[in-house]
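A.B. asks: One letter stands for each residue in the lines below.
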Amino acid sequence: MKEILSFSILELSEKLKDRSLSSEELTKTYFERIKETDERVHAYLSILQDDAINTAKIADKNFKKNYISSPLQGIPIAVKDLLCMKGTKTTAGSKILENFISPYDATVITKLKDAGSVILGKLNMDEFAMGSSCEHSAFGPTHNPWNLEHVPGGSSGGSAASVAAYSCVASLGSDTGGSIRQPAACCGVVGMKPTYGRVSRYGLIAFASSLDQIGPLTRNVEDCAIILSVISGHDSKDSTSSKKQVPNYLENIDRGIQGMKIGIPDEYFIDGMDPEIKKATNNAIKTMETLGAEIINISLPHTKYALPIYYIIAPAEASSNLSRYDGVRYGMRKESESEYGSLFGMYSSSRDTGFGKEVKRRIMLGTYALSSGYYDAYYTKALKTRTLVCEDFVNAFKKVDLILSATTPTPAFKLGEKLNDPLNMYLSDILTIPCNIAGLPGISIQNGITSSGLPIGLQLIGKPFSEEEILRGAYAFEKETKFYLKSSSL
Amino acid sequence: MEGKSLKYETVIGLEVHAQLKTKSKIFCGSDASFGANPNEHTCTIDLGLPGVLPVLNKKVVESSIKLGLAVGAKISKICRFARKHYFYPDLPKGYQISQYESPICEGGEVSFLTKSNKEITIRLTRIHMEEDAGKLIHDDDSLKNISSLVDFNRAGVPLLEIVSEPELRSPEDAELYARKLRTLVRYLDICDGNMQEGSLRCDANISLRKSGEKSFGSKVEIKNVNSFRSLRKSLEYEEIRQAELLDENQPVIQETRLWDESLDITRNMRTKEYAHDYRYFPDPDLVPLEIDKEWISQIEQTLPELPDTKRERFINNYKLPLYDSEVLTSENALANYFEETVKHFELKDIKLASNWIMGDILRLLNEQKISIEESPITPANLAEMISLITDGTISGKIAKEVFTDMAKSGNNPQTIVQEKGLKQISDLDSLEEIVTKVLNKNTEEVQDYKAGKHKLLGFFVGQVMKETQGKANPKSLQEILKKQLSK
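Chains A and B supply the protein sequences, listed in that same order. Taking the working numbering, the leading residue of the first sequence gets 10, the next gets one more, and so forth. Taking the working numbering, the leading residue of the second sequence gets 3, the next gets one more, and so forth.
No wet-lab data here; the hints were simulated from the structure. Heads up, a few of these hints could be off.
[Stated by the list, open to error] Calculated lysine-lysine pairs in the DSS-like style (CA-CA distance at most 30 Å, straight line):
no. : chain 1 : residue 1 : chain 2 : residue 2
1   : B       : Lys137    : A       : Lys472
2   : A       : Lys390    : B       : Lys86
3   : B       : Lys137    : A       : Lys95
4   : A       : Lys343    : B       : Lys86
5   : A       : Lys37     : A       : Lys491
6   : A       : Lys98     : B       : Lys137
7   : B       : Lys86     : A       : Lys393
8   : A       : Lys98     : A       : Lys287
9   : B       : Lys76     : A       : Lys393
10  : A       : Lys369    : A       : Lys95
11  : B       : Lys79     : A       : Lys104
12  : B       : Lys60     : A       : Lys95
13  : B       : Lys225    : A       : Lys253
14  : B       : Lys295    : A       : Lys252
15  : A       : Lys390    : B       : Lys216
16  : B       : Lys79     : A       : Lys253
17  : B       : Lys225    : A       : Lys252
18  : A       : Lys369    : B       : Lys86
19  : A       : Lys288    : A       : Lys495
20  : B       : Lys76     : B       : Lys61
21  : B       : Lys61     : A       : Lys252
22  : B       : Lys25     : B       : Lys225
23  : B       : Lys399    : B       : Lys353
24  : B       : Lys79     : A       : Lys393
25  : B       : Lys86     : A       : Lys366
26  : A       : Lys313    : A       : Lys366
27  : A       : Lys104    : B       : Lys86
28  : B       : Lys321    : B       : Lys353
29  : B       : Lys61     : A       : Lys253
30  : B       : Lys76     : A       : Lys390
31  : B       : Lys25     : A       : Lys252
32  : B       : Lys60     : A       : Lys253
33  : B       : Lys137    : A       : Lys343
34  : B       : Lys79     : A       : Lys252
35  : A       : Lys95     : B       : Lys25
Using the sequences plus the hints, can you model the full thing?
C.D. replies: This is the structure we're talking about:
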């Protein structure tokens with residue numbers, strides 16, 4: 010592997026600035042790397058070579074003129090295929106959008122473009138972000154660069170695997186119940202889900218609107234802070250985006266965690282947790298303590314309800330959000346051969362052929378939960394319980410600044426292992442879901458490698474809009490442990 | 003029919019959809035106006051592309067608050083949008099963004115006058131905001147019956163749904179209620195109120211119950227009503243159909259029926275078993291809408307004088323009869339026209355102005371299918387013409403001629419009177435002369451008159467008018483004629 014592939018955004022930015030490296034060369038090197046690895050990893054669904062090289066050339070011209078719009082200028086990045094990008098195929102990992110070419114840019118894409126970053130391509134994912142293994146992609150699974158027989162996690166599996174495989178510097182993913190943090194943990198990279206409302210969702214193909222957030226996946230915490238600074242902020246096109254000022258997340262990242270209060274929730278050491286992960290998490294607690302943090306045991310008593318709440322709210326919203334894929338205006342249309350009326354026949358044939366098994370399962374779950382007669386028992390109750398989970402966090406954050414836990418209960422599992430066991434698959438997100446339920450920011454960072462050579466993730470959760478503190482904690486840990494320097498042998 | 007009205011009581015509730023006249027649509031920046039080429043007024047958002055999000059148009063909220071204040075409804079401090087799900091090609095997202103559990107307005111009432119000048123007040127259940135759907139086109143020749151086309155220009159155009167309590171008791175009242183709502187939304191300048199173009203749409207729920215009974219009978223919803231006439235006709239039809247079923251001890255099936263304009267009947271569209279489960283739930287893409295008191299009072303200050311208040315003022319200030327006041331205030335523009343006309347008048351002439359406006363002006367607008375704002379006769383010209391009548395310059399009869407000319411040319415009445423020489427001959431000497439001439443020509447008739455055939459007076463008037471091309475002052479003429487004939 011070429012050395013320049015291993016440079017961080019800050020390092021690259023310096024080299025591009027003093028022009029010891031051109032963005033064109035960098036970009037071409039990444040395309041070579043994609044060629045070299047992606048046949049095995051399958052992180053990419055589409056490659057945007059011509060556009061990317063053009064953008065790189067423009068970046069180089071700007072560097073020459075000493076015009077620098079952001080630290081991302083000229084930096085090769087890739088994005089989850091759930092993000093609409095003008096003139097490119099945007100599939101959401103689904104057959105139903107196999108040939109959909111977006112006529113517009115998502116707000117985060119506009120921000121990346123304005124920052125001068127080079128977008129290499131669109132990344133694989135579980136169909137409509139529903140899944141924890143990337144196996145539910147209609148276009149074949151992504152493989153974990155650490156062990157190709159294992160899943161990269163999901164749904165942003167392509168986003169995590171590409172960063173881990175060094176086939177992009179960093180990527181964007183989306184997190185509805187752990188879809189950034191869980192694959193980040195599985196692939197040994199940094200993944201952050203910002204506070205709900207921190208990043209505009211405009212142009213992110215919706216899975217569950219009240220839970221979805223876009224966030225970065227990177228090789229280290231500084232890179233994560235840089236990207237987050239670029240993509241965050243209020244957007245008049247997204248009413249749920251926050252008007253809170255966006256700090257420069259990099260600025261105070263190295264201030265340390267002396268005196269920071271870190272809470273350890275008992276409920277997050279679940280039964281059946283992998284012993285190596287448990288041990289690594291306990292070690293992390295000790296590390297934090299030696300770094301000057303005060304460790305406080307806390308309780309989040311309603312944690313056990315987070316998963317069931319999630320599996321009511323997320324499918325309910327998804328069943329509604331996915332209604333627009335009806336074959337009328339865009340996407341797959343299949344005429345009916347059934348005895349139904351031709352219109353409703355067309356709807357059901359198109360949706361039956363276009364959607365995969367997991368998506369259909371969730372549409373059915375959600376439709377059921379919203380049906381008259383069941384709505385109160387499921388949806389209303391889930392919303393009520395959701396406030397209990399939120400209150401748990403409010404109470405905990407009266408005592409602590411951050412909450413620490415493992416990101417996943419197990420390391421990346423084998424391809425096919427949980428594919429026919431949806432309930433078991435759903436449990437992969439048990440430690441990440443509460444964050445989405447409460448709209449809180451959370452990060453997953455590297456916490457070592459198991460004896461079988463698979464990465465372990467550590468999760469830090471903060472108060473709403475406390476991304477700065479989370480990044481500070483994560484950065485201190487990363488500098489101390491250097492786990493982030495380990496990479497797969499791919 | 004006679005017996006029916008005693009035997010059963012009719013119960014009607016209306017759901018009126020008023021399309022708001024905002025510049026842009028309710029959740030995106032697309033042009034909301036009517037009449038563009040198909041799909042010209044669309045964007046990524048109203049077409050429901052993947053990844054797009056709705057952003058509420060504040061003007062829609064303002065319009066809703068205006069109507070809410072006008073009908074005395076309670077304006078919610080906080081309200082939400084909800085998604086209403088169903089599949090249809092004109093509905094881009096597979097759901098309509100509407101309001102369900104927390105509408106923007108609750109309660110309120112609307113009063114209207116019946117033909118017999120009785121005031122009836124109907125309470126409102128709620129008013130809520132929602133987006134319109136697109137339009138399917140089936141009958142385009144190029145389609146050769148194999149497919150339909152969709153025009154999404156209307157998709158996302160803002161609507162207010164105004165739901166009444168089931169307090170209307172006759173088809174006639176239902177029509178009057180709907181007309182009054184139209185008057186209101188037009189006064190507030192929030193909706194065109196054009197039923198043919200669909201900017202005002204009506205769904206009616208109707209049931210019958212035995213007179214004196216408290217509980218409701220099973221109701222039928224009527225859709226596809228696109229004029230006030232159809233509203234009344236469809237309800238009248240349904241009233242008879244249900245009465246006949248009840249007379250034969252047959253059940254009235256709860257269903258949705260379509261009004262068939264060509265046959266003047268209602269037809270089954272869907273029964274309750276096939277009723278949609280719309281799976282309403284709060285739209286997570288839109289934050290709860292908060293409306294503070296300050297905003298409401300700001301809007302309150304912009305409210306125009308409302309029709310009922312105006313009507314009372316017309317009665318008190320202009321001493322007009324209730325009927326005149328009701329007609330003149332049925333439209334704000336008409337009321338303005340009237341007030342503009344009578345600005346400089348004495349009270350006694352005001353009734354005359356009212357008569358001309360309610361009669362000739364309204365007839366003219368009707369014939370030319372134009373609005374009062376487009377009237378070729380300006381209030382100033384009409385006022386001048388009426389002054390010419392009252393000061394004796396022209397007769398009422400000549401005035402009709404002047405009016406017709408004004409309607410055609412838009413000219414000033416003075417000019418018309420002068421150019422055409424229509425000035426009334428009130429000069430007694432010249433009139434005497436003409437009368438003498440006429441009487442001398444018609445000696446036979448004069449004899450007959452003197453012999454007691456007083457009916458002939460009209461004949462002489464006619465002759466003089468003929469001689470003067472109608473310009474003789476009728477009052478003076480009568481006097482002179484009588485004087486000369488009695489000689």
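A.B. asks: Does each hint hold? Answer for all of them.
C.D. replies: Hint by hint, here is what the structure shows:
1. B:Lys137 x A:Lys472: 47 Å, violated
2. A:Lys390 x B:Lys86: 20 Å, holds
3. B:Lys137 x A:Lys95: Holds, because 28 Å separates the two Cα atoms, which is no more than 30 Å.
4. A:Lys343 x B:Lys86: 25 Å, holds
5. A:Lys37 x A:Lys491: 29 Å, holds
6. A:Lys98 x B:Lys137: Roughly 29 Å between the alpha carbons, so the hint for Lys98 of chain A and Lys137 of chain B holds.
7. B:Lys86 x A:Lys393: With Cα atoms ~22 Å apart, Lys86 of chain B and Lys393 of chain A stay inside 30 Å; holds.
8. A:Lys98 x A:Lys287: 41 Å, violated
9. B:Lys76 x A:Lys393: Measuring from Cα to Cα gives roughly 27 Å; hence the hint holds.
10. A:Lys369 x A:Lys95: 28 Å, holds
11. B:Lys79 x A:Lys104: 44 Å, violated
12. B:Lys60 x A:Lys95: Holds - the C-alpha atoms of Lys95 of chain A and Lys60 of chain B are around 29 Å apart, at most 30 Å.
13. B:Lys225 x A:Lys253: 47 Å, violated
14. B:Lys295 x A:Lys252: Status holds; Cα separation ~23 Å.
15. A:Lys390 x B:Lys216: Roughly 36 Å separates the two Cα atoms, so the pair is violated.
16. B:Lys79 x A:Lys253: OK: Lys79 of chain B and Lys253 of chain A at ~24 Å, within 30 Å.
17. B:Lys225 x A:Lys252: Measuring from Cα to Cα gives roughly 44 Å; hence the hint is violated.
18. A:Lys369 x B:Lys86: Cα-Cα ~20 Å, so holds.
19. A:Lys288 x A:Lys495: 19 Å, holds
20. B:Lys76 x B:Lys61: 19 Å, holds
21. B:Lys61 x A:Lys252: 22 Å, holds
22. B:Lys25 x B:Lys225: It holds: about 28 Å lies between the C-alpha atoms, which stays within 30 Å.
23. B:Lys399 x B:Lys353: Holds. Lys399 of chain B to Lys353 of chain B sits at ~18 Å (cutoff 30 Å).
24. B:Lys79 x A:Lys393: It holds: about 22 Å lies between the C-alpha atoms, which stays within 30 Å.
25. B:Lys86 x A:Lys366: Status holds; Cα separation ~25 Å.
26. A:Lys313 x A:Lys366: With a Cα-Cα distance of about 27 Å, the restraint between Lys313 of chain A and Lys366 of chain A holds, given a limit of 30 Å.
27. A:Lys104 x B:Lys86: Roughly 26 Å between the alpha carbons, so the hint for Lys104 of chain A and Lys86 of chain B holds.
28. B:Lys321 x B:Lys353: With Cα atoms ~8 Å apart, Lys321 of chain B and Lys353 of chain B stay inside 30 Å; holds.
29. B:Lys61 x A:Lys253: Between Lys61 of chain B and Lys253 of chain A the Cα gap is close to 25 Å, so the pair holds against 30 Å.
30. B:Lys76 x A:Lys390: Given pair Lys76 of chain B, Lys390 of chain A holds - Cα atoms ~29 Å apart, limit 30 Å.
31. B:Lys25 x A:Lys252: 26 Å, holds
32. B:Lys60 x A:Lys253: Holds. Lys60 of chain B to Lys253 of chain A sits at ~22 Å (cutoff 30 Å).
33. B:Lys137 x A:Lys343: 22 Å, holds
34. B:Lys79 x A:Lys252: 22 Å, holds
35. A:Lys95 x B:Lys25: 27 Å, holds
In summary, the structure is inconsistent with hints 1, 8, 11, 13, 15, 17 from the numbered list given earlier, while agreeing with the others.
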